[in-house]
Amino acid sequence: MNRIRLKKIGLKFLLTFSTVLIAAYVINARQHFFDISENLTASRFRMMLWGTVVLLSFYLCVLTLVINVYFEHFKNGHRSKLKGIIWRFFYGMLATCPVLAVHALFLQILLDRQPAEILFSSYWTTDFLYFAPFLFGYILLIYCHPSAIMFRVWKEKVDAVETSFIELWREKRNPEFLLEHLRAVISGGYTIHPRKVRFFDILFIKVTSAGLVLYFTNGGQMPIKLTTTDIEDWKLSGWFVRTSRYFFVNMLYVKYPLDSINYYKEGDYRYLTLEDETMKSAMENLSAEKTKEQLRVTRTLEKNVKDFLNNINQLGEEGWEEYIASK
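The working numbering applies: residue 14 is where the sequence shown begins, and numbers increase by one.
These are computed hints drawn from the structure, not numbers from a lab. Some clues are possibly wrong.
Calculated pairs, SDA-like style, for lysine to any residue (alpha carbon to alpha carbon, straight line, at most 20 Å) [what the hints assert, rightly or not]: (1) K268 x R186; (2) K278 x S250; (3) K293 x E315; (4) K268 x E315; (5) K316 x E279; (6) K238 x S250.
Produce the entire structure from the sequences given, and follow the hints as far as they go.
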């Protein structure tokens with residue numbers, strides 16, 4: 014595991030712990046939220062604060078486990094068997110009910126009350142309101158941005174150490190793993206010549222009346238005397254998806270999964286998102302507006318993105334070091 018990945022994982026855990034600590038403070042301070050000095054100097058408050066941190070960390074584990082069940086079904090294609098609204102309801106119930114059940118059990122033990130007393134108590138319309146935003150906020154965050162789930166991300170990183178990225182790509186068909194493999198085995202820098210360019214260095218392709226314009230992962234560009242028909246003859250043609258009248262996108266550099274965050278809708282169009290390292294590199298020479306324009310998917314060509322995902326098992330992985338030569 015390289016240093017960059019360790020930093021990313023460490024940052025995720027740091028952000029999670031900070032959020033849990035803030036949530037624990039809000040839950041215990043309630044309407045006295047701004048009396049920070051007075052709260053933190055009280056030994057009873059500190060004891061309750063750290064106890065709540067432990068409890069919320071446990072809830073986080075429970076949420077992570079049950080949400081992973083949801084995404085395993087999503088990966089295996091079961092989601093398509095149910096209508097979207099039903100599946101979202103199932104996700105909400107799956108994520109919420111176990112935590113609420115455990116929470117009610119803890120309240121019953123701590124307060125020494127009967128289950129019915131807990132169920133119909135005023136707690137749910139008073140103190141629970143300080144806990145609810147963090148609970149439902151996390152559930153909504155993971156639904157919209159699955160990669161934010163801590164333990165799922167950690168598991169994938171551990172797998173990446175124990176197994177080569179190319180094996181993970183072949184097993185999970187997630188292009189992010191193939192990209193990591195290629196970055197490790199292909200020499201760095203841009204191997205660009207006056208009349209030819211390496212497939213691995215291409216980010217976008219623009220169609221013009223004079224031929225194609227290749228945009229590189231560093232935002233640079235080069236015109237080349239080829240046509241869209243030539244793209245179809247490439248061994249890696251399946252990776253270059255036409256997303257609008259004038260642009261093709263190299264899907265190797267797109268951020269996955271293609272959910273409502275990474276493949277978002279704005280107005281009449283959808284937009285892909287570049288993975289972080291590529292975005293940073295491309296912005297050296299491309300403006301944010303230009304990059305967004307090239308990532309736009311028109312309504313009539315959304316099918317191309319769907320076809321790419323449906324055919325991802327047939328995509329090749331060899332040939333990224335080869336060159337495209339101008340005619």
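Hints, verified against the model:
1. Taking the CA atoms of K268 and R186, the gap is near 14 Å; set against the 20 Å cutoff, the hint holds.
2. Taking the CA atoms of K278 and S250, the gap is about 26 Å. The hint is violated against a cut of 20 Å.
3. Proximity of K293 to E315 is assessed by CA-CA distance (about 26 Å); at most 20 Å being required, the pair is judged violated.
4. About 16 Å separates the Cα atoms of K268 and E315, which keeps this hinted pair within 20 Å; it holds.
5. About 17 Å separates the Cα atoms of K316 and E279, which keeps this hinted pair within 20 Å; it holds.
6. A C-alpha spacing of about 17 Å is found between K238 and S250, which places the hinted pair at or below 20 Å, so the restraint holds.
In terms of the numbered hints stated before, the structure departs from hints 2, 3, listed from lowest to highest.
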